[in-house]
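Dock chain P against the given chain W, drawing on the hints supplied.
Going down the list, the sequences are from chains W and P. Under the numbering used here, the letters of the first sequence match residues 2 to 352, in that order. Under the numbering used here, the letters of the second sequence match residues 2 to 352, in that order.
One should not assume that every hint holds.
Claimed, not checked - Part of the chain P face toward chain W, derived, beta carbon under 8 Å:
#1 33
#2 65
#3 80
#4 85
#5 104
#6 158
#7 160
#8 175
#9 237
#10 289
#11 290
#12 299
#13 310
#14 314
#15 321
#16 331
Hints in this document: simulated from the structure, not taken from any laboratory. Backbone N, C-alpha and C fix where the C-beta goes; we use that ideal spot for every residue, glycine too.
Number of protein chains: 2
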Amino acid sequence: MHRHDLALIGFGGVNRALAEIIQTRGEELADDLGFGLRVVAITDLRLGSLMQTGGIDLGAVLALPEGATFAGLPGGAGVPQNDFVIRNTTADIVVEATFTNPVDGEPAVSHVRAALESGKSVTTTNKGPVALAGAELSRIAAEHGVRFEYEGAVMSGTPVLRFASETLKGLRVSGVQGILNGTSNFVLGRMETGMTLAEAVAEAQALGYAEADPTADIEGSDVQLKVVILANEILGAAITTADVRRRGISRVSPEDIAAAAAEGRRWKLIGSATRTPDGEVVATVEPVALPLEHALAGVSGPTNAVSFDTDLLGTVTVSGPGAGRIETAYALLSDIIAVDQHARTLAEAAR
Amino acid sequence: MHRHDLALIGFGGVNRALAEIIQTRGEELADDLGFGLRVVAITDLRLGSLMQTGGIDLGAVLALPEGATFAGLPGGAGVPQNDFVIRNTTADIVVEATFTNPVDGEPAVSHVRAALESGKSVTTTNKGPVALAGAELSRIAAEHGVRFEYEGAVMSGTPVLRFASETLKGLRVSGVQGILNGTSNFVLGRMETGMTLAEAVAEAQALGYAEADPTADIEGSDVQLKVVILANEILGAAITTADVRRRGISRVSPEDIAAAAAEGRRWKLIGSATRTPDGEVVATVEPVALPLEHALAGVSGPTNAVSFDTDLLGTVTVSGPGAGRIETAYALLSDIIAVDQHARTLAEAAR
Chain W
2 MHRHDLALIG
12 FGGVNRALAE
22 IIQTRGEELA
32 DDLGFGLRVV
42 AITDLRLGSL
52 MQTGGIDLGA
62 VLALPEGATF
72 AGLPGGAGVP
82 QNDFVIRNTT
92 ADIVVEATFT
102 NPVDGEPAVS
112 HVRAALESGK
122 SVTTTNKGPV
132 ALAGAELSRI
142 AAEHGVRFEY
152 EGAVMSGTPV
162 LRFASETLKG
172 LRVSGVQGIL
182 NGTSNFVLGR
192 METGMTLAEA
202 VAEAQALGYA
212 EADPTADIEG
222 SDVQLKVVIL
232 ANEILGAAIT
242 TADVRRRGIS
252 RVSPEDIAAA
262 AAEGRRWKLI
272 GSATRTPDGE
282 VVATVEPVAL
292 PLEHALAGVS
302 GPTNAVSFDT
312 DLLGTVTVSG
322 PGAGRIETAY
332 ALLSDIIAVD
342 QHARTLAEAA
352 R
Chain P
2 MHRHDLALIG
12 FGGVNRALAE
22 IIQTRGEELA
32 DDLGFGLRVV
42 AITDLRLGSL
52 MQTGGIDLGA
62 VLALPEGATF
72 AGLPGGAGVP
82 QNDFVIRNTT
92 ADIVVEATFT
102 NPVDGEPAVS
112 HVRAALESGK
122 SVTTTNKGPV
132 ALAGAELSRI
142 AAEHGVRFEY
152 EGAVMSGTPV
162 LRFASETLKG
172 LRVSGVQGIL
182 NGTSNFVLGR
192 METGMTLAEA
202 VAEAQALGYA
212 EADPTADIEG
222 SDVQLKVVIL
232 ANEILGAAIT
242 TADVRRRGIS
252 RVSPEDIAAA
262 AAEGRRWKLI
272 GSATRTPDGE
282 VVATVEPVAL
292 PLEHALAGVS
302 GPTNAVSFDT
312 DLLGTVTVSG
322 PGAGRIETAY
332 ALLSDIIAVD
342 QHARTLAEAA
352 R
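So that you can see chain W by itself, here it is in the shape it has in the complex:
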């Protein structure tokens, strides 16, 4: 059976969940999908690096005791050596799941560039490389005849980019609007029950939805990166974060919440990109008091959603999880499936 060899860059929650899926469901998936999956390299800042051209024993990796590095495993070292591994691995697909640096996207941008330049396809769940260097990286992928896939950069495994490209063919999409950050949506929902912003943030932190520093969620910079991706990918824009006017939810007061409720409205942090009649794309992140009948008004708690405004179909909306390690690992799997399909189509065309 046909097989893809993977290199996992970063071995935190998401790539670890992907390894668990391959370990526990790999054979069944191979039957479903018509190809097998094997991990031949893993690197991680804390764990070091591991290369096994014949396939890594994922059971042994997943059973490593807390605090142990890869140094004790065959082919393992206690230092990450990301660039060396990315360039020299026998993997055909590099799975980038480190962390998003919202300023310059590093080190993920360099990881992706190195992988593509060395002729490997890349899947990432990292917003940074896509929002900040997407055009450059897609061009490098095309030059090297490989794929750059990033479904998980917007709404974890919930299909958004592929929803637009695969199921809305033939439609003209004039705008996208979304609830793209689960933490801020959870916080707004709790404020509707009478909590202050600070109380709601504290609860989100206690539940693990919000990080110790919730600024990127609350002030909208997380959504801003996602709006850049949606605008460029779905509306064909070429914007950067500087083009997205941004306001977070910190100025939405309990009084604003109550006033909206009295009018049958709910405050939501909406990321939006719209093509104007003159062809320009206008993108914003801001709190909006939506009427209850709006498609996004009922999206509650940590759920995310994106609405697409189309010419023939009006508005269609996809909602689902916007985070979660298994949900995000599925985004990587869906990208791997897309890489495989593209390779098969090319192989058939060349036959």
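What follows is chain P alone, placed relative to chain W:
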């Protein structure tokens, strides 16, 4: 440029909208999609039949005065001759959009069968043939090496079947639940404002949402057919309408509505199919008082939605229009795009 020739069976609202799309947007679509579209045959119970192997002048057809038949046009006749046209047209795709007979699916089943048997792919928006004879028709399509596509049978152009097949690859779907009838959803929404069922139905009829006889919408038999399609297509079941326990909304009283509202719930007519742990698929249509935080609770008015329960991604939901002549015509266009893609993949494989 590559081209598909179409035969339109039935020339009511939906196929007329498809003809308008081809007439007004055909060149632009061809640029987008990489293939052209030409209509070479049309039949209609009232208008008669029309065949032009070189392509029908859609402008002339769309400009026909009210009450005129095709008899006055070149290649036209005042009688429909459906079977003759379907078997003898030079079209490679037959577009079936007559009406749904919920008892035996005729005459659409015969139309689809004749087209597939004579080596033409078929797209239909007709629930009847898919729900009542889907397995037989898909088998005939496979035997003749052609496609049978029916995205529009469930939620007009809103992608549901293709959402599952194209964007949820690699997931195990254990259940689907949907709001699959816009009329009953509109009626329930109006009852929440204090109307009786009869008043709400009268308003839906005045707005054109409900037909003169609203029984199929109100009593759930429309949804029942759609649940059969979802269960068989997405869960791999082999059920018939008799296997779907059905209760409509006529027994939901104003008191039930008020009691649900007091508990933070909304009544919705839910079509559902679920795979039980022993592998059986249980399918129902019934009114359910959903909590407001449920993904389907916020789906208002004539909007439809389907939620998919998956193993790795939890619940994902698609919502959008469930009816409308242009929206349904887009379903046909999306099917034609799928037929084209399949043909290209085969052609590439054979090269």
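Results of checking the hints against the structure:
Contact between residue 33 of chain P and chain W, as hinted, is supported at the beta carbon level, the nearest pair being about 7 Å apart and thus within 8 Å. A distance limit of 8 Å between C-beta atoms decides the matter here; for residue 65 of chain P the minimum to chain W is near 23 Å, and the interface restraint is violated. Restraint check, residue 80 of chain P versus chain W: the minimum CB separation of about 32 Å is more than 8 Å; hint violated. At about 31 Å, the closest approach between the beta carbon of residue 85 of chain P and any beta carbon in chain W exceeds 8 Å, and the interface hint on this residue is violated.
For residue 104 of chain P, the interface hint is violated, the least distance from its beta-carbon to any beta-carbon of chain W being 31 Å, above 8 Å. Given hint, residue 158 of chain P at the interface with chain W, holds; its Cβ is 5 Å from that chain's nearest Cβ, closer than 8 Å. Nearest Cβ of chain W to the Cβ of residue 160 of chain P: about 4 Å, under the 8 Å cut. The hint holds. For residue 175 of chain P, the interface hint is violated, since its Cβ never comes within 8 Å of a Cβ in chain W; the closest pair sits about 15 Å apart.
Interface hint at residue 237 of chain P: violated, since its Cβ lies 12 Å from the closest Cβ of chain W, which is beyond the 8 Å cut-off. Taken as an interface hint, residue 289 of chain P does not check out: its beta carbon lies about 16 Å from the nearest beta carbon of chain W, beyond 8 Å. Taking 8 Å as the C-beta cut-off, the interface hint given for residue 290 of chain P is violated, the closest approach to chain W being about 15 Å. With its C-beta approaching chain W no nearer than about 2 Å, residue 299 of chain P sits inside the 8 Å limit, and its interface hint holds.
A least Cβ separation of about 11 Å between residue 310 of chain P and chain W goes past the 8 Å threshold, and the interface hint is therefore violated. For residue 314 of chain P, the interface hint holds, the least distance from its beta-carbon to any beta-carbon of chain W being 5 Å, beneath 8 Å. About 4 Å separates the beta-carbon of residue 321 of chain P from the nearest beta-carbon of chain W, less than 8 Å, and the hint is met. Interface hint at residue 331 of chain P: satisfied, since its Cβ lies 4 Å from the closest Cβ of chain W, which is below the 8 Å cut-off.
Violated hints, in rising order: 2, 3, 4, 5, 8, 9, 10, 11 and 13; the structure is consistent with all others.
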